[in-house]
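**Q** Add chain S to chain A, keeping to what the hints say.
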Amino acid sequence: MEPKQTIQITKEGMEVQWNGYITVPFIKEWLTNSNLWETQKGKKIILNLNGIERIDSSGIQFLMFLKKRSHSNQQILALTNHSLPVLKVLDLLGLVSFFGDRIKVKKEHANEVEFRYGTRKVS
Amino acid sequence: MDLSEVIDAYLVESDELLREMEAILLRTESSLPNDEDLNAIFRAVHTIKGTAGMFGYESTVSFTHVVENLLDELRSHVIPFKPILTELLLKAKDHLSFLVSEETKGKITNEKISFGQSILDEMKPFLQSSVSSPKTTSKETINQTDQHKHSNSSDLQNEVTTNLEGNKLAATTSYLISFRPNQNVFAQGLDPISFIGYLKKIGTILSLKTIDQFLPDPNEFDPENCYLGFEIHFSSKENLETVQNVFNFIEADCFLHIYPPGFTVEDLVDLSNQLPEEEIYLGNVWKEIQILDDHQFLIYLEEIKSRKTGIPSTSALVSQGNNKEESESKLSHHNADPIKDSHKSSTIKVDSKRIDNLINRVGELVVSCANMNQLIGESDDSNLQESSLIVMRLLNEVREISLKLRMVPIGESFQKYSRIVRDLGKELKKDIRLITEGDETELDRNIVEKLSDPLTHLVRNACDHGLELPEERKKNGKDYQGTVKLTAYHEAGNVIIEVADDGNGISKEKVWKKGVEKGIVSGEMPDSDEEVYKLLFHPGFSTASQITNVSGRGVGLDVVYKNIESLRGSISIKSIPNQGSRFILRLPLTLAIIEGFLVAVGKSHFIIPMEMVLECLHFSDDHKTDSNQFFALRGNLIPFLRLRDYYPCDVDSDQPRENIVIVRNGDKKAGIVVEKLLGEYQTVIKPMGSVFRHVKGVSGSSILGDGNVALIIDVPSLFERTITVENQKFYSHRG
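Those protein sequences? They're chains A and S, same order as listed. Quick note on the numbering used here: the first sequence kicks off at 434 and runs consecutively. Quick note on the numbering used here: the second sequence kicks off at 149 and runs consecutively.
FYI, nobody ran anything at the bench for these hints, they're computed from the structure. Be aware that a few hints might be false.
To be verified - Chain A stretches covered by chain S per the calculated footprint, using a threshold of three residues with CB under 8 Å from any CB of chain S:
# : stretch
1 : 453 to 466
2 : 491 to 503
3 : 515 to 527
As the list claims (entries may be wrong) - Listing some non-contacts, in silico: residues in chain A with all C-beta distances to chain S over 12 Å:
#  : residue
4  : G446
5  : L469
6  : E471
7  : G475
8  : I488
9  : E541
10 : H542
Stated by the list, open to error - 20 Å max Cα-Cα, derived SDA-like pairs, lysine to any residue:
#  : chain 1 : residue 1 : chain 2 : residue 2
11 : S       : K348      : A       : V529
12 : A       : K461      : S       : N373
13 : A       : K521      : S       : Y346
14 : A       : K461      : S       : K349
15 : S       : K349      : A       : V546
16 : S       : K633      : S       : E657
17 : A       : K461      : S       : Q336
18 : A       : K521      : S       : D360
19 : A       : K461      : S       : N367
20 : A       : K461      : S       : Y346
21 : A       : K461      : S       : F369
22 : A       : K521      : S       : I350
23 : S       : K349      : A       : R549
24 : A       : K501      : S       : Q361
25 : S       : K751      : S       : Q522
26 : A       : K501      : S       : D365
27 : A       : K477      : A       : K521
28 : A       : K521      : S       : S342
29 : A       : K501      : S       : F362
30 : S       : K348      : A       : P518
31 : S       : K348      : A       : E547
32 : A       : K461      : S       : I350
33 : A       : K501      : S       : Y346
34 : A       : K501      : S       : E368
35 : A       : K461      : S       : E368
Quick caveat, the model's predicted, so the values are computed rather than measured. C-beta atoms are modelled at their ideal positions from N, C-alpha and C, and glycine is treated no differently.
In isolation and in its complexed conformation, chain A is listed as follows (with noise of 0.2 Å):
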């Protein structure tokens, strides 16, 4: 699917909705839009990942690069409504601790799930 990327500036910062696939093909294109992000240095950016689709290794491998930049350019970057291909790929690769964030799990989706590694902060 066409990857998809929704802008909103708000007065904390902005928030970026994302739909389709995360993978090379959309982090190119993201990378060369970049100072999109460049310029809410010292905000907050909420990313929306409901309409995440798919996710490989380079796709979570970016969101890790996105995650370690924002700090050094002091921003909060905060993701919000994993979808079900993200939450899984967080499990089996145990980075729940990595991002940090809250993440909801659906009922239905309560099953795919375990959690049982990667929740814990170790120093």
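**A** Same frame as chain A, but now just chain S:
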């Protein structure tokens, strides 16, 4: 290294762990422990068992084995936590405490073993898994537990034994998979996640850590490159080949290393040399994914160090020798490893004798330097004088730091009273709450240790005779729950510790009547509370109508008094009917630095604790009254004494002028007449020798910069002594 030092370390560590265990159990008694609490208790028991096993303390190992099983099932939620288990675990803690200390001394009696067995029998109904016989050897027991610990998944029952000497890892049924896809895997159309996901079809991923160390800076990030790595703790019944086959399609485009069950710490060290990340980072990752436990992590670090330095590691030495003694001595070397210490905790344990030694040497250094400073001061060399001032400043800093080494917060020792109060409450059928305040107040370690018995006695007294039964309290309009309060604070160069209860209070009439009956006192009851309550410290004195097996108000208070006195402290009592009693212990800091006020009488020097000094005045005729005991200060009469009347001083006849130091003596003011006021002086209190133990009015001594000795005045006891002397004079005069 001397083996006894290693055993001491084991005792200290076990004591700390058991105290922590007890504190958690007491804290969570009404609310039930959470996962973190259960994990902490499990770790405590597990650590003790591990160390005891290495020393060959089989009674301890056998006992902890079952306790550990129970805790493991609790923390894994195999069985639910029930309130009765708190009681049982506290019993187990007490027995373990006994085992740890006694087994290091020699053999445990059969009676004690069967007592331990009775505790274990009580535990068995709660255990879901069958408990293996505790009479296994220590080595076997460790293997069983380690195996149990790491086989949380119920579908994994492969039996592979490990042994500690070989440093084989506890993860008996699990694989370690180190997976580092090449940077170009995305270009090859490969998705590492899909391979990892496939692992779930042939087993269980127990834990996984995504390595993100090589994610580049923003301007270097290329989405077509893979920068991630994975360390996977995986368990499966399948053989190594099947696990390897999962990665068939990506094998050529990654670094892949799979260790089958039974790998050792040495294997991990080998692996760490092949992986791009730093060894310590990898060790932490393996600890995080539970490939290494705390102990193995330390061995891992040590092994890395030994490979770098070429000095054989303890673990290597242990594995080479089967000789138990040899193993123990190697362990001691391991204990002394700074790497271990730096990772284990930010604090280190030091033998208190070494600290004493250091402080003594620093004290001598201070005196020598003061002499040197004086000599340099007499010379004209300004550079030398400047250098000497810098040395003195640094030395004073070192002195302050070294003195602080001995100070410990009293809170640690307050902690144990929670248990005493809890148990007494149950025994006496009273609902008692312990409140502690001023836990952070620091006191010399020696005093803290010696305070243990007197405080225990006072706390037991407060619970038993201080507090009423709940029904009685209700009748008196009080809260059903009684309170015992332990408070510590600094006051005027002393540490004050108060043991208070909100019970009935002490009946003065009853105490005096008893004193008269016993022939200790006679006549009408005096107005002074102090004089009446003093009777309580008389040997064999008790007002308790019923002496219980817990305590009797008065029974043993003489011992408390003696103990406090031997610490050069004092004890006083305050009590209000139906509101409670307060036992106030006033203790010197003994070995500490205090801000003092240096005075002189003739050639003798004295130091008055600065916190007690209110003001200094020239003792002029205007102040003097007809009385030789009081002087007038701004319209108030204040009692005073002359130091030269109480201490043999070479009085300076050329010193016509007298000065008076106004001090705070409890709530009142008093004056000490001296000749010279020499100003503020920071001083080290040196405890008085045993010969001078009974000398009143002096709390210690200090060596001045010029090598002279100055006595530190203990103001309250000096005035107490004065009152006694005056009373004696008064009565002898009447007689």
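**Q** A separate judgement is required for each hint: does it hold in the structure or not?
**A** Going through the hints against the structure:
Remark: the stretch 453 to 466 of chain A is confirmed as covered by chain S, as 4 of its residues place a Cβ nearer than 8 Å to a Cβ of that chain, reaching the required three. Residues of the stretch 491 to 503 of chain A with a Cβ under 8 Å from some Cβ of chain S number 8, which satisfies the need for three, so the listed coverage holds. Remark: the stretch 515 to 527 of chain A is confirmed as covered by chain S, as 4 of its residues place a Cβ nearer than 8 Å to a Cβ of that chain, reaching the required three. Residue-level check passed: A:G446 sits 18 Å from the nearest beta carbon of chain S, beyond 12 Å.
No Cβ of chain S comes within 12 Å of the Cβ of A:L469; the nearest lies about 14 Å off, and the non-interface call holds. The Cβ of A:E471 does not lie farther than 12 Å from every Cβ of chain S; its closest approach is about 9 Å, which violates its non-interface assignment. No beta-carbon of chain S comes within 12 Å of the beta-carbon of A:G475; the shortest separation is about 16 Å. Here A:I488 does not stay apart from chain S, with its beta-carbon only about 9 Å from theirs, under the 12 Å limit.
Interface exclusion of A:E541 from chain S stands, the closest Cβ pair being 20 Å apart, more than 12 Å. Once the 12 Å rule is applied to beta carbons, A:H542 is consistent with being away from chain S; the minimum gap is 16 Å. Taking the CA atoms of S:K348 and A:V529, the gap is about 19 Å. The hint holds against a cut of 20 Å. A C-alpha spacing of about 12 Å is found between A:K461 and S:N373, which places the hinted pair at or below 20 Å, so the restraint holds.
For a cut-off of 20 Å, the pair hint linking A:K521 to S:Y346 stands: about 13 Å separates their Cα positions. The hinted pair formed by A:K461 and S:K349 fails the criterion: a straight-line CA distance of about 33 Å is larger than 20 Å. For the given pair, S:K349 sits about 15 Å from A:V546 by alpha-carbon distance, which is consistent with the 20 Å threshold. Restraint check for S:K633 and S:E657: the C-alpha separation of about 25 Å exceeds 20 Å, so the hint is violated.
With a C-alpha separation of about 17 Å, the suggested pairing of A:K461 with S:Q336 holds against the 20 Å cut-off. For the proposed pair A:K521 and S:D360, the alpha carbon gap of about 19 Å is at most 20 Å, so the pair holds. As the CA atoms of A:K461 and S:N367 are separated by approximately 13 Å, the hinted pair is consistent with the 20 Å bound. With a C-alpha separation of about 28 Å, the suggested pair A:K461 and S:Y346 falls outside the 20 Å cut-off, and the hint is violated.
A threshold of 20 Å between alpha carbons decides the hint, and for A:K461 with S:F369 the separation of about 10 Å falls inside it, so the pair holds. Between A:K521 and S:I350, the direct Cα distance comes to roughly 18 Å. Compliance with the 20 Å bound is thereby established for this hinted pair. Taking the CA atoms of S:K349 and A:R549, the gap is near 17 Å; set against the 20 Å cutoff, the hint holds. With a C-alpha separation of about 11 Å, the suggested pairing of A:K501 with S:Q361 holds against the 20 Å cut-off.
About 19 Å separates the Cα atoms of S:K751 and S:Q522, which keeps this hinted pair within 20 Å; it holds. The suggested pairing of A:K501 with S:D365 holds, with an alpha-carbon distance near 9 Å, which does not exceed 20 Å. For the proposed pair A:K477 and A:K521, the alpha carbon gap of about 25 Å is over 20 Å, so the pair is violated. Among the hinted pairs, A:K521 with S:S342 is consistent with the structure: their alpha-carbon atoms are about 11 Å apart, no more than 20 Å.
Between A:K501 and S:F362, the direct Cα distance comes to roughly 12 Å. Compliance with the 20 Å bound is thereby established for this hinted pair. A distance of roughly 16 Å separates the Cα atoms of S:K348 and A:P518; the hinted pair therefore holds under the 20 Å criterion. A distance of roughly 12 Å separates the Cα atoms of S:K348 and A:E547; the hinted pair therefore holds under the 20 Å criterion. Between the alpha carbons of A:K461 and S:I350 the distance comes to roughly 35 Å, so the proposed pair goes past 20 Å and is violated.
For the suggested pair A:K501 and S:Y346, the alpha carbons sit about 28 Å apart, so the restraint of at most 20 Å is broken. Only pairs whose Cα atoms come within 20 Å are accepted, and A:K501 paired with S:E368 is accepted, the gap being roughly 13 Å. A C-alpha spacing of about 13 Å is found between A:K461 and S:E368, which places the hinted pair at or below 20 Å, so the restraint holds.
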